[in-house]
Amino acid sequence: MTMAYAEALELPRHSVDQWVAPDRETFSENFEGLELERVKQLLATDEGKKHLLEVMDADPAMKEKMLSLVDRNIEQLEKKESFLMKVVKMPLHVTKAVGKTILKHPVLSAIGAAGIVALLIYFFGPAAGTVGMLGQRAIESFGENVLGNVPVLTPEAGFEAAAELPAIGGLAGPEALEQATQASESAGSLLYQNLEAAEAAGMSDGAMQTVTEAADRVIADPMLENINPVQKFFEAFPPQPNP
Amino acid sequence: MKRMNTLYFTRQEQELFSALPESLKEGWTVKSVETLHEESSDELFFRLRMAKVQNYALKAVIDSLKKKSDLAEAVKHIDFTTFSSEAQGELFFLLGVRVLTAMILSVLAHAMSDEDLEGLAGLTYIRDSLSAVNAPSARL
Numbered sequence: 015m016t017m018a019y020a021e022a023l024e025l026p027r028h029s030v031d032q033w034v035a036p037d038r039e040t041f042s043e044n045f046e047g048l049e050l051e052r053v054k055q056l057l058a059t060d061e062g063k064k065h066l067l068e069v070m071d072a073d074p075a076m077k078e079k080m081l082s083l084v085d086r087n088i089e090q091l092e093k094k095e096s097f098l099m100k101v102v103k104m105p106l107h108v109t110k111a112v113g114k115t116i117l118k119h120p121v122l123s124a125i126g127a128a129g130i131v132a133l134l135i136y137f138f139g140p141a142a143g144t145v146g147m148l149g150q151r152a153i154e155s156f157g158e159n160v161l162g163n164v165p166v167l168t169p170e171a172g173f174e175a176a177a178e179l180p181a182i183g184g185l186a187g188p189e190a191l192e193q194a195t196q197a198s199e200s201a202g203s204l205l206y207q208n209l210e211a212a213e214a215a216g217m218s219d220g221a222m223q224t225v226t227e228a229a230d231r232v233i234a235d236p237m238l239e240n241i242n243p244v245q246k247f248f249e250a251f252p253p254q255p256n257p
Numbered sequence: 021m022k023r024m025n026t027l028y029f030t031r032q033e034q035e036l037f038s039a040l041p042e043s044l045k046e047g048w049t050v051k052s053v054e055t056l057h058e059e060s061s062d063e064l065f066f067r068l069r070m071a072k073v074q075n076y077a078l079k080a081v082i083d084s085l086k087k088k089s090d091l092a093e094a095v096k097h098i099d100f101t102t103f104s105s106e107a108q109g110e111l112f113f114l115l116g117v118r119v120l121t122a123m124i125l126s127v128l129a130h131a132m133s134d135e136d137l138e139g140l141a142g143l144t145y146i147r148d149s150l151s152a153v154n155a156p157s158a159r160l
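Quick mapping for you: the protein sequence lines, in order, are chains A and B.
When you line the first sequence up against my numbering, it's residues 15 to 257, in that order.
When you line the second sequence up against my numbering, it's residues 21 to 160, in that order.
Honestly, I wouldn't trust all of these hints.
[What the hints assert, rightly or not] Here are some chain A residues pointing at chain B (derived, C-beta under 7 Å):
#1 G47
#2 L48
#3 L50
#4 L57
#5 A58
#6 K93
#7 V101
#8 L134
#9 V244
Since the hints were derived computationally from the structure, they do not count as laboratory data.
Yeah, the Cβ is synthetic: ideal placement off N, Cα and C, and Gly gets one too.
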């Protein structure tokens with residue numbers, strides 16, 4: 015049942031946001047109070063899967079991906095919990111020393127900052143606050159390169175279809191935006207929000223990719239004294255157009 | 021105050037460490053790391069989506085950045101010393117093992133003080149912990 019992460023993340027952004035939980039408490043709230051372990055048990059049987067899909071009110075066409083999303087979330091939550099339990103055991107002065115070391119060494123602070131930019135863009139959108147000239151350029155670039163290929167929507171599909179835009183992947187058809195904007199005011203507004211959400215997901219993954227590339231450069235040459243993945247990201251955008 | 025004096029180093033890191041002045045190396049214990057379990061890009065993309073941005077320290081930084089007129093400039097002034105261990109955990113879980121390795125190598129290449137090594141001890145401990153949970157055989 016378990017799919018690759020990339021496949022699970024092909025689900026619409028609103029599904030990902032709704033069902034991918036950052037912690038055990040949120041996860042349990044999502045599943046009407048069921049504990050993570052119970053959901054894990056349910057995922058192991060056909061009856062259990064059926065029950066979960068009912069709770070999730072999942073689109074039948076997407077049920078495998080929805081279950082896989084939950085399965086992957088459980089896997090990552092278990093890893094995260096186990097990791098955080100170890101990290102919080104660090105003595106306070108060591109935590110402080112880590113913070114000071116990141117601050118003191120430009121390469122480390124640049125990489126850490128790029129990770130935070132990825133978070134900022136994903137959760138608050140590319141236009142969160144004002145992202146400055148570089149950010150604006152990135153957004154415009156994204157608009158030219160990706161939003162020109164928005165998903166095929168029909169005016170009839172309106173509201174529901176607008177909500178189904180994938181978080182990543184699945185873009186097609188330049189006529190779609192024009193058609194979709196002919197839909198109702200609320201659908202148009204939602205379309206905009208969803209386009210922005212999809213845009214944010216693509217951009218934040220681009221930012222994460224830039225972090226990895228920066229890390230690779232440092233690994234190849236630890237003597238590097240400066241890198242600027244944030245600027246590189248904003249300059250080197252666009253994000254990958256979807257296949 | 022409990023001192024954390026173990027450094028978890030790969031072979032390459034041990035070589036860089038051995039090149040440091042004796043006075044700097046004194047008092048530190050090195051443990052060998054044979055295998056690092058890194059995440060795939062897609063796994064990190066998934067972690068990004070499950071980040072707890074409501075964590076107090078992360079939220080404070082993000083809220084502050086949202087108000088800035090130039091993000092690229094503003095991120096240069098993030099104060100990482102305000103990050104609690106939970107916030108560091110959130111960030112490093114998102115960044116992954118490979119990024120931690122880059123950070124460790126960079127500090128090792130420029131280490132000049134005992135404070136640098138104390139930071140390294142924390143970073144190598146964090147990487148070791150993350151690598152352990154990534155290991156296919158990890159019992160969680």
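Status of the hints after comparison with the structure:
Residue-level restraint check for G47 (chain A) is violated (minimum Cβ-Cβ distance to chain B is 20 Å; threshold 7 Å). Annotation: L48 (chain A) was flagged as interfacial toward chain B, and the flag is violated, the nearest CB pair being 18 Å apart, outside 7 Å. Contact between L50 (chain A) and chain B, as hinted, is not supported at the beta carbon level, the nearest pair being about 11 Å apart and thus beyond 7 Å. At its closest, the beta carbon of L57 (chain A) sits 16 Å from a beta carbon of chain B; the interface hint therefore is violated under the 7 Å criterion.
With a cut of 7 Å, the hint placing A58 (chain A) at the interface with chain B is violated, because the nearest CB-to-CB distance is about 16 Å. A cut of 7 Å between beta carbons decides the hint on K93 (chain A): the least distance to chain B is about 4 Å, and the hint holds. Checking V101 (chain A) against chain B: minimum C-beta separation of about 4 Å stays under 7 Å; hint holds. With 7 Å as the threshold, the beta carbon of L134 (chain A) comes within range of chain B, its nearest partner Cβ sitting at about 5 Å, so the hint holds.
Using the Cβ-Cβ criterion of 7 Å, the hint placing V244 (chain A) at the interface with chain B is satisfied: the shortest such distance is roughly 5 Å.
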